[in-house]
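Novice: Start from the sequences, fold in the hints, and give me the full structure.
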Amino acid sequence: MSGDFPVALILILGAALVPFLPGLLRKAWMLALPLIAFAYLLAIPHGLHGQVELLGQTLTLMRVDKLSFLFGTIFLIAALLSVIYALHVDDSTQHVAGLVYAGSALGAVFAGDLMTLFLYWELTAVSSVLLVWARRGAHSAATGMRYVIVQLLSGMFLLAGALLHWRATGSLEFGHIGLSDSAGLLILIGFGIKSAFPLLHNWLMDAYPEATPTGTVFLSAFTTKLGIYALARGFAGTEELVWIGTLMAAFPIFYAVIENDLRRVLAYSMNNQLGFMVVGIGIGTELAINGAVAHAFADIIFKGLLFMSMGAVLLRTGTIKGSELGGLYKSMPWTTGFCIVGAASISAFPLFSGFVTKSMIMSAAAMEGLTFNWLVLLFASAGVFHHAGIKIPYFAFFGHDSGIRCAEAPKNMLTAMGIAAALCIGIGVFPDALYRLLPYATDYQPYTASHVVAQTQLLFFSALAFAVLMRTGIYPPELKSVNLDSDWLYRKAAYGFVATFRDALASTRAGLTGLLEVRRLAIAVFLLRHRRPEGMLMRSWPTGSMALWVMTMLLANLAFYYLG
Amino acid sequence: MTPPADSKKYWLDDPHNVTKLYKGLWIACGLLIAIDLFLHRHEDFEFATVFGFHGAYGFFACVALVLAAKQLRKLLMRDEDYYDRDSHER
Numbered sequence: 001m002s003g004d005f006p007v008a009l010i011l012i013l014g015a016a017l018v019p020f021l022p023g024l025l026r027k028a029w030m031l032a033l034p035l036i037a038f039a040y041l042l043a044i045p046h047g048l049h050g051q052v053e054l055l056g057q058t059l060t061l062m063r064v065d066k067l068s069f070l071f072g073t074i075f076l077i078a079a080l081l082s083v084i085y086a087l088h089v090d091d092s093t094q095h096v097a098g099l100v101y102a103g104s105a106l107g108a109v110f111a112g113d114l115m116t117l118f119l120y121w122e123l124t125a126v127s128s129v130l131l132v133w134a135r136r137g138a139h140s141a142a143t144g145m146r147y148v149i150v151q152l153l154s155g156m157f158l159l160a161g162a163l164l165h166w167r168a169t170g171s172l173e174f175g176h177i178g179l180s181d182s183a184g185l186l187i188l189i190g191f192g193i194k195s196a197f198p199l200l201h202n203w204l205m206d207a208y209p210e211a212t213p214t215g216t217v218f219l220s221a222f223t224t225k226l227g228i229y230a231l232a233r234g235f236a237g238t239e240e241l242v243w244i245g246t247l248m249a250a251f252p253i254f255y256a257v258i259e260n261d262l263r264r265v266l267a268y269s270m271n272n273q274l275g276f277m278v279v280g281i282g283i284g285t286e287l288a289i290n291g292a293v294a295h296a297f298a299d300i301i302f303k304g305l306l307f308m309s310m311g312a313v314l315l316r317t318g319t320i321k322g323s324e325l326g327g328l329y330k331s332m333p334w335t336t337g338f339c340i341v342g343a344a345s346i347s348a349f350p351l352f353s354g355f356v357t358k359s360m361i362m363s364a365a366a367m368e369g370l371t372f373n374w375l376v377l378l379f380a381s382a383g384v385f386h387h388a389g390i391k392i393p394y395f396a397f398f399g400h401d402s403g404i405r406c407a408e409a410p411k412n413m414l415t416a417m418g419i420a421a422a423l424c425i426g427i428g429v430f431p432d433a434l435y436r437l438l439p440y441a442t443d444y445q446p447y448t449a450s451h452v453v454a455q456t457q458l459l460f461f462s463a464l465a466f467a468v469l470m471r472t473g474i475y476p477p478e479l480k481s482v483n484l485d486s487d488w489l490y491r492k493a494a495y496g497f498v499a500t501f502r503d504a505l506a507s508t509r510a511g512l513t514g515l516l517e518v519r520r521l522a523i524a525v526f527l528l529r530h531r532r533p534e535g536m537l538m539r540s541w542p543t544g545s546m547a548l549w550v551m552t553m554l555l556a557n558l559a560f561y562y563l564g
Numbered sequence: 565m566t567p568p569a570d571s572k573k574y575w576l577d578d579p580h581n582v583t584k585l586y587k588g589l590w591i592a593c594g595l596l597i598a599i600d601l602f603l604h605r606h607e608d609f610e611f612a613t614v615f616g617f618h619g620a621y622g623f624f625a626c627v628a629l630v631l632a633a634k635q636l637r638k639l640l641m642r643d644e645d646y647y648d649r650d651s652h653e654r
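Quick mapping for you: the protein sequence lines, in order, are chains R and X. Read left to right, the first sequence gives residues 1 to 564 (the working numbering). Read left to right, the second sequence gives residues 565 to 654 (the working numbering).
The hints are simulated quantities; they were obtained by calculation from the structure and are not laboratory data. Treat the hints with care, as some may be off.
What the hints assert, rightly or not - With the C-beta cut set under 7 Å, the calculated list includes, among others, these residues of chain X facing chain R: (1) Ala-592; (2) Cys-593; (3) Leu-640.
Predicted model only: the values in this text are computed from it and were never measured. Glycine included, C-beta positions come from ideal geometry on N, C-alpha and C.
Specialist: Structure representation (structure tokens):
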């Protein structure tokens with residue numbers, strides 16, 4: 001089968017039909033789209049397809065290799081799970097936005113050149129913001145606007161970098177880029193915004209918790225992992241990424257501990273998991289790259305699962321604040337169970353997916369002798385269990401009984417969570433199936449006695465720390481609050497600066513207006529003197545005097561004529 | 565807090581059972597550490613083979629994390645409507 005047709009268009013064009021289909025048919029169609037796309041992916045050979053000549057450049061719409069196939073596969077799994085999860089939603093805007101978003105992320109992964117990548121890159125931004133705006137309300141309107149500005153900015157960096165790269169190398173091909181020139185730096189910033197590098201990260205914690213319950217599940221899968229894919233493709237082995245990733249893995253967990261909005265806690269822990277992947281890409285050995293992309297694969301599923309469980313809580317209780325929740329295991333036992341599977345996976349418990357993927361990154365760091373980074377990552381591993389593994393289930397489903405009694409999540413949500421949970425355990429128990437998909441052949445063995453014991457000790461003692469801090473009352477309670485993050489710079493500091501400037505302008509204008517007011521009176525008096533109804537210029541004159549003047553002028557004309 | 569709509573008693577509602585779980589966790593941790601006496605762990609770093617390294621690291625990392633985050637609250641925490649107070653904020 002020819003692979004010239006871009007797989008992204010199956011989802012994007014398919015989405016266009018969604019609003020016109022009636023009830024059941026629409027649901028069947030939305031479920032079929034990711035399956036058709038996956039069947040197509042399986043049918044086409046690896047290689048370069050869909051090449052178009054444009055302005056003397058060859059654009060490659062479909063580059064199928066191990067790396068893009070792996071990300072294409074996980075994006076389609078995520079699209080299918082998200083569609084199932086959102087199946088009960090009646091708002092076709094969200095369905096179309098979700099499918100176009102998934103499709104454009106898919107298109108970006110298979111883009112063989114920087115121009116095609118840029119086009120899909122921007123399409124992910126524009127389509128995904130609709131999932132934030134779909135919550136409807138002044139708050140999500142403002143959040144969505146901030147989100148889309150940051151996303152489009154990332155595209156601008158990519159475009160600027162791509163053009164410089166084109167001028168320097170004469171080619172738009174998207175291969176290894178590296179940090180050797182300013183083109184590389186610009187592209188890295190573009191990718192870094194999407195991957196939520198420190199200080200470029202805050203759009204994630206700002207926007208994801210503000211989207212609809214189902215929209216956040218879509219959002220959690222694609223944008224950041226597209227950033228990781230792009231980094232793995234363009235910047236493997238860039239040493240700076242090791243340090244950026246280490247920082248990323250560590251600092252968000254402090255925020256996660258004190259954050260009250262449980263979906264925002266997950267956004268922080270997502271940032272922390274991205275840090276592990278960025279470290280792997282920065283190390284750049286075969287084991288490290290394998291670990292980074294395998295962890296991205298596993299993370300899409302378990303982070304999606306966690307966001308699904310929290311979305312179900314938000315849907316059923318109308319709140320997602322830790323300070324208002326608790327005891328929900330009584331009302332939502334299935335959701336609780338699935339959430340715990342997601343929590344065990346992100347915490348890398350043996351037999352769950354995080355264990356078999358994250359350990360590759362840890363081993364790769366150890367092999368390169370990165371002692372300090374390894375210790376920080378181990379700290380981050382304990383920390384992620386502490387906040388995502390324990391805090392999320394504890395404050396939502398256990399802890400203090402909030403008295404809230406609600407219905408269990410809708411069946412379609414439970415189905416999506418069930419499949420995701422099965423995948424988390426499946427990958428954890430049979431890692432070889434995932435390992436075979438990785439870019440480099442590997443015989444990595446996650447299940448050694450030493451490794452299992454060490455990881456279990458780490459996690460149990462982290463749990464013990466949580467329990468001890470809880471029992472002694474040292475653990476900080478969930479409080480209604482917001483915590484300042486780097487968005488403070490543009491939401492308060494820059495806004496305050498602009499507001500001050502605006503106020504200064506306003507008072508200057510007021511002063512000038514006052515001054516003009518005085519002058520205006522003087523001018524008005526002067527104007528009125530001649531132009532008032534009885535004034536010289538406005539007075540009405542008799543017709544006779546006009547005829548007299550005309551005659552005088554004609555006589556004067558005649559006189560001049562004779563004299564001349 | 566509103567009283568629960570149902571009066572069904574769950575196992576975890578009894579504080580004694582929560583205490584049992586808590587004690588169980590201590591015992592589980594004790595047993596896990598005891599494995600270090602018999603198993604010579606193969607580690608990438610020499611220091612990680614020390615008895616109880618991972619347990620101690622996990623415990624103290626989390627305590628340090630929570631204590632540090634608690635201090636951070638003083639610096640970072642604001643009222644829930646902090647960003648909404650100025651209605652012009654976009």
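Novice: Can you verify the interface hint for Leu-640 of chain X: is its Cβ closer than 7 Å to any Cβ in chain R?
Specialist: 4 Å, holds
Novice: Report holds or violated for the interface hint on Ala-592 of chain X, using the least CB-CB distance to chain R and a cut-off of 7 Å.
Specialist: 6 Å, holds
Novice: Restraint: Cys-593 of chain X near chain R, CB-CB cut 7 Å. Satisfied or not?
Specialist: 5 Å, holds
Of the hints listed earlier, there is not a single one the structure fails to meet.
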